[in-house]
Amino acid sequence: MSQRGIKDVPGFRKDAADFADRFIGLQKEDFRRLGVLADWEKPYKTMEKEYEAEVVGAFRKLLKKGLIYRGLKPVYWCISCETALAEAEIEYKDKTSPSVYVALRITEGPKELIGKDVLIWTTTPWTLPANRAVAVNPDLRYVSLAVGDRKVLVAENRAEAVKEKIGGTKIPGFSLSGAELTNIFGRPNEYFKYQVPYGQNLQGPLLHADYVTMEDGTGIVHTAPGHGADDFQTGQANGLETFCPVDASGRFTAEAPEFLRSQKVFPEGNALIIEDLKKRGMLLHQENITHSYPHCWRCKNPIIFRATEQWFMTMDHSNLRGRILKEIDDSVRWVPEAGKSRISAMVQNRPDWCLSRQRLWGTPIPVLYCAACKKPIKDDKTIESIEAEIRSSGDDFWFKDWESEVDHKLWPFLPENLKCDCGSEKFHREKDILDVWMDSGMSWTAVLKQDECPADLYLEGSDQHRGWFQSSLVLSTGINGKAPYKSVLTHGFVLDEKGRAMHKSAGNVVSPQDIIKKYGADILRLWVAFSDYSDDVRISDKILEGPIEGYRKIRNTLRYLLGNTFDLKSWDKNKISFPPLEKYMLGLMGELQKNVLSDYSEFKFRSAARRIIDFCAFDLSAFYCDILKDRLYTFKPDHPDRVAAQAVLAEALIHVCALASPILPFTMEEAWAEGPAKKWNKGESVLLHTVAPEPDFKTDEALSAQFSALRKIREAAQKKLEEARSAGLIGSSLEAKIFLKGTLPNLNVNWAEILIVSQCEFAPGGPEIEIVVSRADGKKCPRCWRYQTDIGSSSKHPDLCGRCAQALG
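Sequential numbering of the sequence shown, starting at 9, is according to this note's numbering.
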């Protein structure tokens, strides 16, 4: 909110602080429910005294380095919020504006031009009272058109397009370049003059400017130094007046023509000026056009360019721009890589940073002005005393007694010998605040408390290349000479399933809270992990089906791992003699650990999530856990092979929980509490468990190759079993006997266990494996369900096979 109309400034700021605190609380709860880890009891707030002191300290350091100045320049100005805006606070949306072609009479120059007009085009008629020059491109050629009783100058390449709007015919024999127009008499930039549209007896010069293009208009640009960045630079270079007859609320001042005074610049000002130009015969064409136009990011209303006195941070003193570009290239890792070129282009073209805002809620600009001569007091000692007071007591003192003069009696912390060069000891405080992007741009030191050490990672949406990423980079390089971060990761935005932006009015908003209530936070987090964050992403119930299925595979695997390690008290992996199958599975686990950690370090969350799901679904559920059922359910509890299998399952549980916890913290914490924490004393939280960068288990490449061949044979055998089942030869696979002929992998394994059949026979052969399925021999054991030929061999357990009878003792 602007300063206008606020009488109780401290009261207003207290209400603003309460409002901010309430929404910080709401946002905190949302983040917690999403599973975001932070020191939630001690969040940083930009309105805290220590934080504001850091921001004020940054202003002081930059001022001392010569990087901050106060000057009159056109800036983005919101006439609704009544404040200056930075480029990062601008949004571009379509706006309908009047498009006008205006003829301005040439009053001074060679006789060939006297009586002719220059034709300008503008979509901001309200800026015409500030017109002080027109500009041409020196490299373009200009011709003359006869339009009624007027002869107007336009760029040759725009002549046909202009004729479609205003009519007329091209006058033969007249063609001059922009350079010739401005240099015929050796008087650069002042070949002829014209009568400005508003200003009695005021003539404007013809200037040249490289930014005049052939994309639209007439090739002759209306120049108002008080209402545009290019116009201002042209005006400064040519000694033009920076005239701006518009106040903070967007109304014309007493300096404007009488019929415009107190009127809003648009739509009222536009309409009145157009009507006036018609009456004076200067308006040759008018229409409405829809075009992209800057709007305020807060109130969403159209803004204007307006010349005002503001505080700026220069981009070119001490080659700051060049040093920033070097940091972008040499010191920062950009994810995705395209972020580097994007922010480089923005910094390359960035104007000086307008730091001041005409608001009351924010960090004060710590500058005093002499009450007598109005000179700003910018010495380091004075600003440092203000910084120290803010750090000690907060900034409330700055906003108390708002209209009072400042002296040692009111502010005793000021330096004792403080006085202006003119001798005055009374001062006025700066009433503008610092841009909020300076608050956010100082988070690298205000939060991390480390001037010299950059943050490991900045993470935000792609719009922050011109916001937080850039403000942080500019401030840190200006103060410390280097970037504030080592890496920057940017993501796109969330769209609906049809790729449309979400709006309440369109009824297509998918709320994170609704998804959490329906599916849980981990489903939402897994959808994020699956998404290609380098671009905009889509979400809907249909799209969530993929993450839901992947989550189900992981959760079901965890249930199996927990259920089948229920009686495992402890294990020492260094003392267990692992069979080949278990060694192979531990090797896969080590590969998973290495690859997932590598993915995380590269921010490849989709790859990490896919590896974990595939390990659970294929390596564990469909392969290892499927094979183990007989061993786990029928062997003696302390059988070495059963204990070895349980140890592998326990290691799998620990590794899956730890590796998946960044993506699925709630589920992994729940599983961890039931297993590793409760049974094996592995620590109370999976989030505190350290996963070594080096794999806990090394891969035996030769063993791995043999098991890859085994798994292919197993897959082929499963197809043969399914064919036998379809033919009615067998029911379950345990009713089968498999005959394998060929060269088998050199592995000491129980092939019947691997293939989940009752018997397996072999015969040597070539490289191709022949598989034949027949019914198993013997009878079905009611305990292990395998068909065995030794049923009844035990007198103690006559109904069981010998293996089961031995297990029962």
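Watch out, some of these pointers could steer you wrong.
[Stated by the list, open to error] Below, a list of computed lysine-lysine pairs in the DSS-like style, where the Cα atoms sit at most 30 Å apart: (1) 637 <-> 15; (2) 644 <-> 686; (3) 15 <-> 57; (4) 745 <-> 690; (5) 15 <-> 272; (6) 408 <-> 561; (7) 728 <-> 706; (8) 749 <-> 577; (9) 591 <-> 727; (10) 72 <-> 389; (11) 334 <-> 72; (12) 73 <-> 22.
[Claimed, not checked] Listed next, with one range per pair, are the computed distances between beta-carbon atoms: (13) 609 <-> 510: 39 to 45 Å; (14) 488 <-> 88: 17 to 23 Å; (15) 238 <-> 510: 35 to 41 Å; (16) 489 <-> 297: 44 to 50 Å; (17) 525 <-> 23: 29 to 35 Å; (18) 548 <-> 88: 47 to 53 Å.
Bear in mind the hints are in silico, worked out from the structure with no lab data behind them. In this text, a Cβ means the ideal position worked out from N, Cα and C, and glycines have one as well.
Contradicted hints - numbers only: Violated hints (numbers, rising): 1, 4, 6, 7, 8, 12, 13, 14 and 18; every other hint is consistent with the structure.
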